[in-house]
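Protein chains in written order, with this note's numbering: chain V, 42 to 159; chain U, 27 to 232.
Calculated from the structure, these hints are not laboratory results. From the three backbone atoms N, C-alpha and C, an ideal C-beta is built for every residue, glycine too. Wrong hints could be hidden among the right ones.
Chain U stretches covered by chain V per the calculated footprint, using a threshold of three residues with CB under 8 Å from any CB of chain V [claimed, not checked]:
| hint | segment |
| --- | --- |
| 1 | 33-42 |
| 2 | 45-54 |
Cross-link-like lysine-lysine pairs, in silico, DSBU-like; alpha carbons within 35 Å at most [what the hints assert, rightly or not]:
| hint | chain 1 | residue 1 | chain 2 | residue 2 |
| --- | --- | --- | --- | --- |
| 3 | U | Lys-221 | V | Lys-76 |
| 4 | V | Lys-91 | U | Lys-146 |
| 5 | V | Lys-49 | U | Lys-137 |
| 6 | U | Lys-213 | V | Lys-68 |
| 7 | U | Lys-69 | V | Lys-49 |
| 8 | U | Lys-213 | V | Lys-45 |
| 9 | U | Lys-182 | V | Lys-45 |
| 10 | V | Lys-49 | U | Lys-94 |
| 11 | U | Lys-126 | V | Lys-45 |
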Amino acid sequence: MDIKSVVKPSVNSNIPQLSPGDTVKVKLRVIDVGKERVQQFQGVILRLRKGVDGGNFTVRRVSYGVGVECTFPLQSPLIQRVEVLKHGKVRRAKLYYIRKLSAKQARLAERQEKIQAP
Amino acid sequence: MVQGIIGKKIGMTQVFLENGEAAAVTAIEAGPCFVTQVKSESKDGYNAIQLGFGKVSHLNSPQSGHLKDMEEVRYLHEFKTDDVSSYQRGQQMDVGFLGKGDLVNVSGFSKGKGFAGVVKRHHFAGGPKTHGQSDRHRAPGSIGATTYPGRVFKGKRMAGHMGARKVTVHNVEVIEADSNRSLLLLKGAVPGANKGLLFIEKVEEV
Numbered sequence: 042m043d044i045k046s047v048v049k050p051s052v053n054s055n056i057p058q059l060s061p062g063d064t065v066k067v068k069l070r071v072i073d074v075g076k077e078r079v080q081q082f083q084g085v086i087l088r089l090r091k092g093v094d095g096g097n098f099t100v101r102r103v104s105y106g107v108g109v110e111c112t113f114p115l116q117s118p119l120i121q122r123v124e125v126l127k128h129g130k131v132r133r134a135k136l137y138y139i140r141k142l143s144a145k146q147a148r149l150a151e152r153q154e155k156i157q158a159p
Numbered sequence: 027m028v029q030g031i032i033g034k035k036i037g038m039t040q041v042f043l044e045n046g047e048a049a050a051v052t053a054i055e056a057g058p059c060f061v062t063q064v065k066s067e068s069k070d071g072y073n074a075i076q077l078g079f080g081k082v083s084h085l086n087s088p089q090s091g092h093l094k095d096m097e098e099v100r101y102l103h104e105f106k107t108d109d110v111s112s113y114q115r116g117q118q119m120d121v122g123f124l125g126k127g128d129l130v131n132v133s134g135f136s137k138g139k140g141f142a143g144v145v146k147r148h149h150f151a152g153g154p155k156t157h158g159q160s161d162r163h164r165a166p167g168s169i170g171a172t173t174y175p176g177r178v179f180k181g182k183r184m185a186g187h188m189g190a191r192k193v194t195v196h197n198v199e200v201i202e203a204d205s206n207r208s209l210l211l212l213k214g215a216v217p218g219a220n221k222g223l224l225f226i227e228k229v230e231e232v
């Protein structure tokens, strides 16, 4: 018996179809002591990963000259919304090379066509 | 009341709890089990029920005699209990006695490591890596003094066979128990490889 067929990952339905190179704005519910607020994180999707836990995606942004990466599990119920702001034109699945580029070089050309839903 | 069941490890995954926290969970195919024998104080000297689990393709003659007129099972295991009066041979058992938040003890057979050295088996530090060392990197060092006592003490930790023995983890939290699907999700890891046999017993509340 296979774990994948037994425990189906419950992927958060607030997450649309994503692809590497997309510029996204992730709205995340953050629970502080006794309070709940929404935190935003905007950047480029560096990679999508698959797995028995539904997988995850990593978003990278450069904030005050410092590169910041944040990985969100696709199952996480804390993700309130993911807005796809634009589709980047990229030729590979994992965009690790943009870590070494300066902010100006790391800009990705925009892909015009819509992503087909699976 | 018997609070135990036999299961098979399926594998591990990750689920999210209501509060948004992620939990590593082990999925177990737990049951359905069948009562194959009821042991009583008067007849056997102790009270227990014997449960059977798993499909089997062939039974030898003594086994088929033991399991006559009932479900054929591959594995048998006894669970001790105070009162056996409510059990009958052939009765089916599932994970219905467990609920979310219950604690269980899980026993299984750990993965075999073969003949393992002292670094892996007993967490010895090994020797220095540099300063002219040759083949002392994972050596155990001295195993005792000289003329007195003139022997190696019993129980001295040395290299040898590791793993493939019964291991129990205590107070494992139940995340989900589904008796319709015979599925049990436990928080954290349990002993043994995937498809390994597990014995699950509920921890009695004090």
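Now for the hints, and whether the structure bears them out:
| no. | hint | in the structure |
| --- | --- | --- |
| 1 | 33-42 | holds (count 8) |
| 2 | 45-54 | holds (count 5) |
| 3 | Lys-221(U) with Lys-76(V) | violated (44 Å) |
| 4 | Lys-91(V) with Lys-146(U) | holds (32 Å) |
| 5 | Lys-49(V) with Lys-137(U) | holds (27 Å) |
| 6 | Lys-213(U) with Lys-68(V) | holds (28 Å) |
| 7 | Lys-69(U) with Lys-49(V) | violated (47 Å) |
| 8 | Lys-213(U) with Lys-45(V) | holds (17 Å) |
| 9 | Lys-182(U) with Lys-45(V) | violated (45 Å) |
| 10 | Lys-49(V) with Lys-94(U) | violated (38 Å) |
| 11 | Lys-126(U) with Lys-45(V) | holds (22 Å) |
In summary, the numbered hints that this structure violates are 3, 7, 9 and 10.
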